[in-house]
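Q: Given the coordinates of chain U, work out where chain L should sit on it, guided by the hints.
So the sequence lines, in the order shown, correspond to chains U and L.
For the first sequence, position 33 matches number 671 in the numbering used here, and the numbering has no gaps at all.
For the second sequence, position 43 matches number 44 in the numbering used here, and the numbering has no gaps at all.
It should be emphasised that the hints constitute simulated quantities derived from the structure, not laboratory data.
Some hints here could point you the wrong way.
As the list claims (entries may be wrong) - Lysine to any residue pairs mimicking SDA-like chemistry, simulated, CA-CA at most 20 Å apart:
| # | chain 1 | residue 1 | chain 2 | residue 2 |
| --- | --- | --- | --- | --- |
| 1 | U | K840 | L | I260 |
| 2 | U | K1015 | U | G939 |
| 3 | L | K138 | U | A898 |
| 4 | U | K868 | L | T264 |
| 5 | U | K868 | L | W257 |
| 6 | U | K868 | L | L9 |
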Amino acid sequence: MKIWSSPSRSAIKLAALATTASLVLAACGGGSDDEASGKADADGIITVKLGVVGPKTGPASLYYEYMAQDFEAFSDDFEEQYGVKFDVVSEDDQASPEETARAVSKLINEEGVHAILGPPLSGNALQVADTVQRSGVPWLLAGPNADEIINYETQPNWAFQTNFTNQQIMSILGERLWADDAKVGIVFSGDGFGQSNLDQLKLWAEANGHELTVEETIQPGAADANAIVKRLEDAGVESVFMGITQGADTATVTRSMEQAGYAPATVMTTGTILTNYKDVAEPSQWENIQIVDPRNFLEGGDKWVLDQVQEATGDAPAIPTNNISTYAMLDIYAQAVKEVGDASDKEAVRQAIEDIKTVHIGPDLTIESPFSADDHKLYTDDPATWFTYGFDEDFNLVNLGTAAECLESGC
Amino acid sequence: MEAVVIGLVLGGLYALLAQSFVLTFITTRTLNFAVGEFVALGAFAAIAVSSWSWLPTPGKVAVGFLAAAVVGALVYRFLVLPFTTQGEHDVRWLLSTVAVSFVMLNLITNVEGPSPQRSDTARISGTVDILGAGVGKQQLVLAGLAVVISLLLIVVTQRTSVGLMMRAVSQDPDTASLMGVSPRAVGAASYFVAMGLAGLAGVLYAATVGASPVMGETLLVASIAVAIVGGLGSLWGPLLGGALYGVLSQVASYQWGAIWGETAGLLLVIVVLVAKPEGLLGRRMEVKL
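Chain U with its partners taken away, still in its complex shape:
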């Protein structure tokens, strides 16, 4: 079952998308500061000055594009539904920690934003975590998965995550990977996301009396992964987890696996494979790969979000997992602002987020009371609520059952 079409490859369409996204952001972000007072205007519309940080330029710009897509697709919906309009002030972090620090500082100190969405990459978010926490600005983390970004010892905490976290995915995957006492290896990207994956997998293994047999890192854009695969094979690894940021790098690993004739019994990865993988891999390389995710990409509200993005932008969701988590985050924030009635009362808005009753993802998916003072994560690590997916020949997702079902009966 195909859920959304492949992205357009023509230069014209890409240019059109870039232009459209820019115009949308310009339209949202170009409003005067007077309009974005954070209070209701005569029509009852509250215009929020929302700082958005992400890699607008450079090789990681997909991690900005998904936010632009969501604003393009859903801004009017949120305004209509909650009476909250987003006046976006965007900053380019170029996917670098230094630029992220500069961008966040500018948004807080010069722009005086009411909240910050991003940065989407874990390593960069970690870099500015203390700064944002100290500033007392609601921090909307729809992209990064690293648990380390939120330090719950500091209260009240200003950060909220609507993507799953690496600790959660390891809880779901751990038993699956170590089933039948298999030897487990991890290939992780040499960035904050990959490192957090490694740390959390090791923590889970340690807590559950297991040992990680092989740890291998792959640098972004690596020409080959032959040595990595050989080391996995020589160590007798039967279960491989790939915690890799870019799907293209995942393809490098699976290509080398095929080349070496190495076929471990279990190969698991994350939703990052949905980005940049298909176009540089072959069906024979993905036939044994499975992913787990708390979202149902094939039906219900999660699929609705992806379909809406496709319809509104004319292109496939840039990073499907993050398109959904951004929608959820904007829904949460818009509700909180509506309830408080004044976005500039950040303390009250933060509390309203923490106390939120129902998160809406599309018209027919809700998540009830996800947050508490020491839990700012939208999802839980209950295997019954996570889905396991495989892929068909055309790289369309196939729902293999819940993570709990796959643990019991195998998938």
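A: Only chain L this time, still in chain U's reference frame:
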């Protein structure tokens, strides 16, 4: 043995790009630090004509070569040559080629987007077994091409009048100029061929990893390292440098993990620079004062 075979094959890819550095250095004493973007340019040019069913695959590959070659010659004429006018110590071309790299990267990204695009031009699927190592046929073609092109360049420079002009310009551009040889024309021709080779490598490499604006960047460090190890003044150098760098980095990766692979290769560069700064096959230039 597996690491050695894979290392030699991978070294071929680096050698092909290193040849781009060597060619321009021999004739113009400049290096184009935008080589990585020329790799991407060649790959995307081939993709742009991939739907032309009337054009056979070699023609599409040639388009990739020519697109990079023509832009390369123009870059030399307008962005390298003007910054080399003040003698041997004029190294403003360093900055201008780095600027070209940034400009091209952003242009390609804006036009094509950041995501890798599938390229089926000259794609050869499957693997072959060489001494127990599974080697991708595409990688093997790249390595073979590096050897063939290197030999071809050596024959051209040593046995033809074009090569004679190149060697003359290389040794003494002023005297060559007095003899009716245009160092500018030779330089432009060198950039044409060198960047064309980068484009060619891009077309073939993209068939494996897809074409993306940054596809060449990741090869750049290794290619420069290979050129330095072999010797920037020798057309044989990239072959030897590629073999050494490829094998050493692969053996280190196999033994100690991937993170040590590139490190080992760069340590080799440092050792060579200390022991033989002109590279293993380079010739020491002595200047009479």
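Q: Each of the hints needs a verdict: does it hold here or not?
A: So, going through the hints one by one against the coordinates:
1. K840(U) <-> I260(L): Within the cut-off at roughly 19 Å; holds.
2. K1015(U) <-> G939(U): Holds, at about 19 Å.
3. K138(L) <-> A898(U): At roughly 13 Å apart (the allowed maximum being 20 Å), A898(U) and K138(L) satisfy the hint.
4. K868(U) <-> T264(L): 19 Å, holds
5. K868(U) <-> W257(L): Between K868(U) and W257(L) the Cα gap is close to 12 Å, so the pair holds against 20 Å.
6. K868(U) <-> L9(L): 16 Å, holds
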